[in-house]
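From first to last, the protein sequence lines are chains A and B.
Quick note: the first sequence uses our numbering, first residue 1, plus one each step.
Quick note: the second sequence uses our numbering, first residue 1001, plus one each step.
FYI, nobody ran anything at the bench for these hints, they're computed from the structure.
Virtual Cβ for every residue (Gly too), placed ideally from N, Cα, C.
Treat the hints with care, since some could be wrong.
The calculated label-pair distances, taken between Cβ atoms and stated as ranges, are [stated by the list, open to error]:
| id | chain 1 | residue 1 | chain 2 | residue 2 | range |
| --- | --- | --- | --- | --- | --- |
| 1 | A | K53 | B | K1080 | 19 to 29 Å |
| 2 | B | P1187 | A | V245 | 51 to 61 Å |
| 3 | A | L252 | B | R1037 | 29 to 39 Å |
| 4 | A | L248 | B | P1115 | 20 to 30 Å |
| 5 | B | R1234 | A | K53 | 30 to 40 Å |
| 6 | A | F126 | B | K1080 | 52 to 62 Å |
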Amino acid sequence: MKTLPRVSASSVAAALPGFVLLLVPLVLLVIRSFVVRSPLTGESEWTLHWYFKLWENGALTAALLSSLWIGLWSSLISTVLGTLAALSLARSGGFPGKKLLDSILQIPLVLPEIVMGIALLIWFVFLSVTLGSLSVVLAHVTFSVSYVVLTVRARLEGFDTSLEDAARDLGASSWQVFRRVTFPLILPAMISGALMAFTLSFDDFLITFFVSGVGVDTLPLRVYSMIRFGVSPELNALSTLLLGVTVLLAGLGFKKSGATPG
Amino acid sequence: MSWFAVFLLIPLGFILVYSLGRRGTYGGVLFDQVDIRNYIRALDPIYIGILWQSLKLATLTTVSCLILGFPIAWLLAISKKPWRNWLVLAVVVPFWTNFIVRVYAIKLLLSEQGPLQALISVLGLPLLPETLGSGFFAVMLGMITNYLPFLVLPLWVSIEKFDFTQLEAAKDLGATRVQSFFRVLLPQIRGGLVSGMIFVFTPALGEFLIPDLLGGARTMLLGNLITEQFLKARDWPFGAAISILLIALVAVALALGGRAPARAAGQSKEGALP
Chain A
1 MKTLPRVSAS SVAAALPGFV LLLVPLVLLV IRSFVVRSPL TGESEWTLHW YFKLWENGAL
61 TAALLSSLWI GLWSSLISTV LGTLAALSLA RSGGFPGKKL LDSILQIPLV LPEIVMGIAL
121 LIWFVFLSVT LGSLSVVLAH VTFSVSYVVL TVRARLEGFD TSLEDAARDL GASSWQVFRR
181 VTFPLILPAM ISGALMAFTL SFDDFLITFF VSGVGVDTLP LRVYSMIRFG VSPELNALST
241 LLLGVTVLLA GLGFKKSGAT PG
Chain B
1001 MSWFAVFLLI PLGFILVYSL GRRGTYGGVL FDQVDIRNYI RALDPIYIGI LWQSLKLATL
1061 TTVSCLILGF PIAWLLAISK KPWRNWLVLA VVVPFWTNFI VRVYAIKLLL SEQGPLQALI
1121 SVLGLPLLPE TLGSGFFAVM LGMITNYLPF LVLPLWVSIE KFDFTQLEAA KDLGATRVQS
1181 FFRVLLPQIR GGLVSGMIFV FTPALGEFLI PDLLGGARTM LLGNLITEQF LKARDWPFGA
1241 AISILLIALV AVALALGGRA PARAAGQSKE GALP
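Could you put together the complete structure from these sequences and hints?
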């Protein structure tokens, strides 16, 4: 057990404003989603009214479905591509251009989203790719792959390569080594990369905004246009549901791993 | 890997090429006179003002996140099990919550029927409603709440690795608290600190959604300017030139921050994955 400094009252007090800023808006959102205020009397009452309204909002549920669908595809493609890239980066000693590739991989992590958005817009228009689900998935894969590569590669470099050597010495073909040794070891990292890719895709507004054209309506795009028209209580209900899913997943993640960073 | 060539490098090259062209009458791009006129146009005081505003906002956001975020990261690192899980959850949940939902929550907080407005009218403070609901204050608040976890998480990872007995040792050797902070703690958490700051500053510089939804019509920043050129004015060459300037600014920030902190930050994102 590591020795930790005592948690003093002042260290709690210093962290408080930040926590308030992080949590108060979200708590407000949840409360608002359960309240209906009568325009006549100004009195408020607790209700599930907005959740029913949300259920009836066809455009919003359609946008949710298309977001899930796009997220699924881009997560699938970026996991396959990212794993292949990580394997070639971690396993083939040094090949010309490896350093260069390393730095290219970092670009999507630091490039402002808006720049990637317009770059892809110019490119798709130049190639006459119809802006729609296809262009959105291609764009999402581009910004997700790096995260998958980082995750899977960290795992590949973290485990003992002698396991693979041992399998080879025992007569396994290189496909068998991959299938029976490497793959099961990197599977957790692949899953975590896939989840991350899905979240990034599901969350993305700006890049989608540029490359979606008129054909697709993802959830963030739909929400954006609703906010532009004014504050809509159905959004409170939707946000609360999304928040609930996040809390659930985060809670499950903690149960499994315990809260440790890195 | 050729994926990156096709969907990242070539498109980025295209921005550069387009920035040298000129806008056609119907919004297309013409290359009959290739020169740097778009960059010269960007030196107009209006655009320099927008650039300055964006830099100011990104810097203020980074500094505020640092002031608010350091105590959080510190508390996460020193707190013990049952408490720690709840505290981590309080940072990770906003981090993994849909970005636009978080912006919307701020809008709700600041709206005319919102609690902050009610509080102000109860206290009788002289803050005008218009300045609260939209404008610089709202944008700042939105930026800080949204980017705070980006700074806290990498910083937490690096403080977590720090051996706290070194602080005791420094104290025993006669160092003041300020001395041991700057000479013992800071050099060892520098990596996490720098990547956290870059992960706030870089997206903040090109942010579009927050100023667009919270800023009202008066707040024009680089992100909105670029979007406007592409989607409304349809002056792609000028928008491309502004984007190149944005890339240049980010490159300068990265160079100042040291080499490749992105990897550390990428790993901390991974660590925060539920």
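How the hints compare with the structure:
{"no.": "1", "hint": "A/K53 with B/K1080: 19 to 29 Å", "result": "44 Å, violated"}
{"no.": "2", "hint": "B/P1187 with A/V245: 51 to 61 Å", "result": "41 Å, violated"}
{"no.": "3", "hint": "A/L252 with B/R1037: 29 to 39 Å", "result": "56 Å, violated"}
{"no.": "4", "hint": "A/L248 with B/P1115: 20 to 30 Å", "result": "27 Å, holds"}
{"no.": "5", "hint": "B/R1234 with A/K53: 30 to 40 Å", "result": "37 Å, holds"}
{"no.": "6", "hint": "A/F126 with B/K1080: 52 to 62 Å", "result": "57 Å, holds"}
When the structure is compared with the earlier hints, violations turn up for hints 1, 2, 3 and for no others.
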